[in-house]
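Colleague: The chain contents come next:
There are 4 protein chains.
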Amino acid sequence: METEKIIMLHCDYAEGAHPNILKKMQETNLLQTVGYGEDEICAEARKFIKKHLKNENVDIHFLIGGTSTNQVVISSCLRPFEGVLSIESGHINCHETGAIEATGHKVISITKEQKMTAEMVEKFCILQESNPSCVHCVRGKMVYISLPTEYGILYTKKELEDLYNMCKKYNLYLFIDGARLACALACYEQTNLKIEDLPNLCDVMYIGGTKCGALFGEAVIIVNDAIKPYFRYNMKQRGAMLAKGRLLGIQFYELFKDNLYFEIGKKAVDLAMYLKEELKKKGVKFFIDSYTNQQFIIVSKEKKNELDKKFCLTLWEENEEGVILRACTSWATTKETIDKFIAMF
Amino acid sequence: METEKIIMLHCDYAEGAHPNILKKMQETNLLQTVGYGEDEICAEARKFIKKHLKNENVDIHFLIGGTSTNQVVISSCLRPFEGVLSIESGHINCHETGAIEATGHKVISITKEQKMTAEMVEKFCILQESNPSCVHCVRGKMVYISLPTEYGILYTKKELEDLYNMCKKYNLYLFIDGARLACALACYEQTNLKIEDLPNLCDVMYIGGTKCGALFGEAVIIVNDAIKPYFRYNMKQRGAMLAKGRLLGIQFYELFKDNLYFEIGKKAVDLAMYLKEELKKKGVKFFIDSYTNQQFIIVSKEKKNELDKKFCLTLWEENEEGVILRACTSWATTKETIDKFIAMF
Amino acid sequence: METEKIIMLHCDYAEGAHPNILKKMQETNLLQTVGYGEDEICAEARKFIKKHLKNENVDIHFLIGGTSTNQVVISSCLRPFEGVLSIESGHINCHETGAIEATGHKVISITKEQKMTAEMVEKFCILQESNPSCVHCVRGKMVYISLPTEYGILYTKKELEDLYNMCKKYNLYLFIDGARLACALACYEQTNLKIEDLPNLCDVMYIGGTKCGALFGEAVIIVNDAIKPYFRYNMKQRGAMLAKGRLLGIQFYELFKDNLYFEIGKKAVDLAMYLKEELKKKGVKFFIDSYTNQQFIIVSKEKKNELDKKFCLTLWEENEEGVILRACTSWATTKETIDKFIAMF
Amino acid sequence: METEKIIMLHCDYAEGAHPNILKKMQETNLLQTVGYGEDEICAEARKFIKKHLKNENVDIHFLIGGTSTNQVVISSCLRPFEGVLSIESGHINCHETGAIEATGHKVISITKEQKMTAEMVEKFCILQESNPSCVHCVRGKMVYISLPTEYGILYTKKELEDLYNMCKKYNLYLFIDGARLACALACYEQTNLKIEDLPNLCDVMYIGGTKCGALFGEAVIIVNDAIKPYFRYNMKQRGAMLAKGRLLGIQFYELFKDNLYFEIGKKAVDLAMYLKEELKKKGVKFFIDSYTNQQFIIVSKEKKNELDKKFCLTLWEENEEGVILRACTSWATTKETIDKFIAMF
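Protein chains in written order, with our numbering: chain R, 104 to 448; chain B, 104 to 448; chain P, 104 to 448; chain F, 104 to 448.
Identical chains share a label here; the pair holds if one copy fits it or two copies do between them.
Each computed DSS-like pair below joins lysine-lysine, with the alpha-carbon atoms no more than 25 Å apart:
#1 Lys215 x Lys226
#2 Lys407 x Lys226
#3 Lys272 x Lys218
#4 Lys271 x Lys331
#5 Lys127 x Lys153
#6 Lys272 x Lys331
#7 Lys150 x Lys108
#8 Lys384 x Lys412
Derived from the structure by calculation, the hints contain no laboratory data.
Just need the whole structure built from these sequences, with the hints factored in.
Modeller: Following this line, the structure appears as structure tokens:
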């Protein structure tokens, strides 16, 4: 209806799916398969992922979306009186409408910092173990991080090693939420981290599809044997098992058959870096020094109004410096779009 | 790999999506839309559904699958001490791995019969109201039925009227699970029931997509104003809100733009009736006289083994008469397939 | 106020506590002790109970009431997708306002019979193990029985052995709710069962105080090592840990220091047997042949009205034969009271 | 065993009950009463409390302990996606082993400060109402405060008025946890607050018994009509309904028949003030300037070791200044004991 369409840069799910995925859906549409993720396409997809992970001993389950995945994974790991440690801005703590608490578990926010560190975990655990009245406190049993975080922050391989070693020292699970994992994996220069490192650095994780080129879907990778049994029962109980499970298989098949997943991450990150550098040249301030596909710029209210006429961005928060806006790139973003955006400044 | 592929008739989700749906996905893939079901395609789909329902006052939400939908709807309606009445073979009671109980609510099984009747509800309510120690019992607050049931049984318009009137008399909600609603709507001759009757016959219902031609998705129709507010919070909390919500919109857009949903139901039911009649002629016994797309045949173990070589069917149960097998037809089933099946007898 | 006080025979908690308990409370009132059940009086009480059980390897926790105890024990044993088997009339299924479901677990009612048998458990487990789509069903992991049952029915030692062996065969826990255990233990002649047999016949149980002479309180006996760790966390989380825990210790100290618990059960049962025999002589019909402190008589409505003027009884149900009334005896019931009651017929 | 008994000042539940309560228990022990809090003694106790509250329109329920009470009250008020605001050190947030989360609700910690203010609530609500993506966040619907707080901090009448007005402005419930209410009521000089003010300053509250002279028990006062219906169902479901409910009635009967509850608070507070003043004279530092029965002193580790030989105190935390110890007075504390304690410095 409008003469000029507003361009959406506010999030990484404003687009459809990568064309290869739609193509595969079309090709396989008339096949008959069994349901609930036990079909051959899912089986193939699992093989591809295992090959990339260089690990045959993991269990892989395909779930529908991030909140649902966090809910199933966390509630599968914890006993009633146990909770999960998170940074204050962790997705499970802020943006899932209490999905974890709805399963009966406390999200224990232990820091306002942007990252969880091994030291923070140790401090919590020492207090927990030494507290004689600890029976009155929720017992921390899992550490939750997202990679990258809600603010696009990365963990280096070394940081993950330290964190996971600390978790093992105190008998806690480490769970990595990889909703935007493709973007973190595109930052090897900053992190020294490859996908095949991950099964050695956590007990359970998920590879995000929804925000990385898929229509929807997340692949849970269970490394720790203790978490493996009966996981599918929990999926079903939480409404997280897709009847036509092949749909999830198709998407991860395409993403991991070759290197599509990694290319998608690289493209989004490259464009975000281009945006960051060009805007920096123009003097735009950034709220956080993000190396991933989410960039948080600080602008005046007037500038925001101006931008709003042409771009849809996420209003993250307001502070004394001005308005913080989030811009996201994705597999579908073009350089032309980013150039238009840069030209606004 | 096999020279002859086993034909799947065991369930109604062994197939992909109706081609129109895939086509629409293809066409809209490069559009940018906002997420979480607030896009224009979802809006269009809601309009189409309202037109078929001849009702502008309902709220419509698109959810992912049946278990998840039942979980969100039921937990949105009940206070902690309230439960939902079901027949013993109700989907929520048998085949959802305790999804309702996982939200804290008892499924109160009140009969082994194949259908819930107004009389059963009244009997329960009279006892509930008269029981002086009722504070020790879960309070029934909702009646759950599926249309058709797990066994393909229908409710007539008259039966629904009686049931709903009884629910209103005792201040209970009536919730209709329409996972296979398209098939029930194809049986007007038996039921005298049209889709536009439904908003007058319940407080909340869902129109099933997964088993009726969609890739996945169920459309919740909220009639009762008391259930409307904040429903989206509950969706989000239970992991039932799709990020790229347009995917659900696309499917219901295609199903309800014209009459595709009804045609899909009719096709499945017609083939099932053909199967039933032909097998009856051949003397095959049926466990239940179903008028919908699920047919339950009784065969000997030897016959089962023979069938297993060419067809995948669901083993429903064994009893003294033999083995009960379920065969399902769908939008994708062909007459040729059914003829092959009939030829086995 | 009334010239003649109505005598209460409707339940076993219409009375205060056995006088020995009040005496001990008085004697210890000015002592200082630590809280939450870690005081010396609780420790002594545990010793006494272990001596009666002839078992030093059990963990003993004192909880407040039956519903709370069932809630804590069951939710401590089950993972989210697991449920507990019960007979339809089991206390957890009927009279706890969904307390078990409120912790997320289904109570799986497997029979309308008055007792759970090893055969019923096996039938359920065979189906569970053989069902290829079992992931859609709640997994039975615990068998719950009460001893005696809600209808005063007993299990013999042999029956418990069979039941427990079957549970072990299929890797299920057996939990015995002993709300009225004192009464069951008074029926050795019928059951061949002594208190020291119980730790060999279940994984976890509780010795009821509230209905057996205490003011309140139930002693959970954990036999199976798998259930022992962290039990106190669950108690605290469910609000079942008494701050001044000594109160529970005092009561079980008195009940088990010598044989008070057994004497209380014997007295109640002896009076109930006297009532049964005398009424039988007078031709009164019984709904169930109970050997414990609960007796269920069948009377006409006219008779009920007559009785109501002098006695408070529980109206259990009405059937075609008449009205079923429950009369309970307790530690405080006198032979004089029972004689008055018998004289009504 | 020890030549000199360690004196317990670590908490307010190391003692038995006020002697009047035991006396009443003795006197009424042989009465027969109905159960579950519907007896005449409970009825009398309710009358006495209403008289003190100068309010006939409240519903009063007697529950067993604090955690259980918080669990029942909060879960009765909130819908699944709603949470309760608390200060970080709130009892429900720190010392109830996740009891609130176990009912599915998030405790939203909004400040590290010692008190909740109207301004904090407003700030939260403005953000909540303005946030377009609020559907991804738990909705705050209740404010929880304790009076006094875990650190013995008071709210003045004016502060409560401001807080409650703000709650009403944004349609939030205000819940006052009065576990140690007797002590707060002894501080009229600081607060200008009388017990009869409270029903005008909150939607629901509880009058603590366990920490104020009773054996156990808390009296919930429901002011807001919206919270009243079906509350007993929730009590039962959470295991918070005592079978021999009269026990709770007896205790609140004695506490509120005349002024015992207020005398108990005054005694504890007077002794605490004496302790504070005398120790201040001796140069002891206090962590917090508490006017109630809990005093938090800062001592060196050496001093702590010395104290430990004669007194049991609660180790609250360690900081750079030294060790923080909590000393509590109660109805049973004597001046002699406090003098002995003071003499240690």
